[in-house]
Amino acid sequence: MPALSLDELNSVNPEKIYDLPLTMNIDLWNRFNLPIVLPNPVKIAFDENIRENLPRNIKNKKGIYMFVVEPNFPFSPEINYLIYIGRVINNNTFFKRFYEYVKAIGNMNIKRNRQLMANAWYGSTNVYFYDLSEISDNDIADIENQLVNYIIPPLNVQYRIDEAQNTRSLYN
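Those letters in the sequence shown? Residues 641 to 812, per the working numbering, in order.
Any given hint might turn out to be false.
[Stated by the list, open to error] Derived CB-CB ranges, DEER-like:
1. ASN700 to ILE676: 18 to 26 Å
2. GLU710 to PRO642: 37 to 45 Å
3. LYS743 to LEU674: 26 to 34 Å
4. TYR739 to ILE676: 37 to 45 Å
5. SER776 to TRP669: 24 to 32 Å
6. ASP777 to ARG671: 18 to 26 Å
7. PRO679 to ASN778: 31 to 39 Å
8. ASN731 to SER645: 20 to 28 Å
9. ARG671 to LYS736: 21 to 29 Å
10. ASN689 to ILE666: 32 to 40 Å
11. TYR739 to PRO714: 34 to 42 Å
12. PRO661 to ASP687: 20 to 28 Å
13. VAL677 to LEU646: 26 to 34 Å
[As the list claims (entries may be wrong)] Here are the simulated lysine to aspartate or glutamate pairs, DMTMM-like style, with alpha carbons at most 25 Å apart:
14. LYS701 to ASP777
15. LYS699 to GLU648
16. LYS699 to ASP647
17. LYS736 to GLU718
18. LYS699 to ASP782
Honestly, the hints are just simulated from the structure, not real lab data. This structure is a prediction, so every number in the text was calculated from the model and none was measured. For every residue, glycine included, the Cβ atom is placed at its ideal position computed from N, Cα and C.
Please construct the entire structure, taking both the sequences and the accompanying hints into account.
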């Protein structure tokens, strides 16, 4: 199924949901301190074949993933937009988790943020996978919470610290 066009997205969500605010809070960045150094990520283009294109070494793993819009602007430096951070823990895997995102491509009857991730920037979105299979699920959840709270991606909606909630409320 082809991705939804901006006209189709607007017909379902007339408030121009694809215009996302960018939040940059230097106070939060200065307090950001992960318990580990994240490994080098595996980068994969987000499209209907993402599950088939997952390398075997991460397909059945757990960890953190990030959706990043990477427009092809005709200049340097490259400008990228981190729009969502998620995690895979317990009996889930990257392969299973991405079934939900693939189902959202071309789907008008899906949660709004998932609809945006799968359609609004189709062809310009990549997913970065961080294999954290060697650490506990609690540690993975803690890392995800810190990343979300200190970076404040626009399509994440749950923030655990007041500063992140207050910063987001300025734009919602």
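Against the structure, the hints come out as follows:
1. ASN700 to ILE676: 18 to 26 Å: holds, 21 Å
2. GLU710 to PRO642: 37 to 45 Å: The hint (37 to 45 Å, Cβ to Cβ) is violated, given that GLU710 and PRO642 are roughly 20 Å apart.
3. LYS743 to LEU674: 26 to 34 Å: holds, 31 Å
4. TYR739 to ILE676: 37 to 45 Å: violated, 28 Å
5. SER776 to TRP669: 24 to 32 Å: holds, 26 Å
6. ASP777 to ARG671: 18 to 26 Å: holds, 24 Å
7. PRO679 to ASN778: 31 to 39 Å: With a Cβ separation near 18 Å, PRO679 and ASN778 fall outside 31 to 39 Å, so the hint is violated.
8. ASN731 to SER645: 20 to 28 Å: Violated, at about 36 Å.
9. ARG671 to LYS736: 21 to 29 Å: violated, 34 Å
10. ASN689 to ILE666: 32 to 40 Å: Since the Cβ atoms of ASN689 and ILE666 sit about 39 Å apart, the hinted range of 32 to 40 Å holds.
11. TYR739 to PRO714: 34 to 42 Å: Given a distance of about 35 Å, which is inside 34 to 42 Å, the answer is holds.
12. PRO661 to ASP687: 20 to 28 Å: holds, 26 Å
13. VAL677 to LEU646: 26 to 34 Å: Cβ of VAL677 to Cβ of LEU646: about 39 Å, so the range 26 to 34 Å is violated.
14. LYS701 to ASP777: Between LYS701 and ASP777 the Cα gap is close to 12 Å, so the pair holds against 25 Å.
15. LYS699 to GLU648: Since the Cα atoms of LYS699 and GLU648 sit roughly 32 Å apart, the hinted pair is violated (cutoff 25 Å).
16. LYS699 to ASP647: violated, 34 Å
17. LYS736 to GLU718: violated, 31 Å
18. LYS699 to ASP782: This hinted pair holds, its Cα atoms lying about 22 Å apart.
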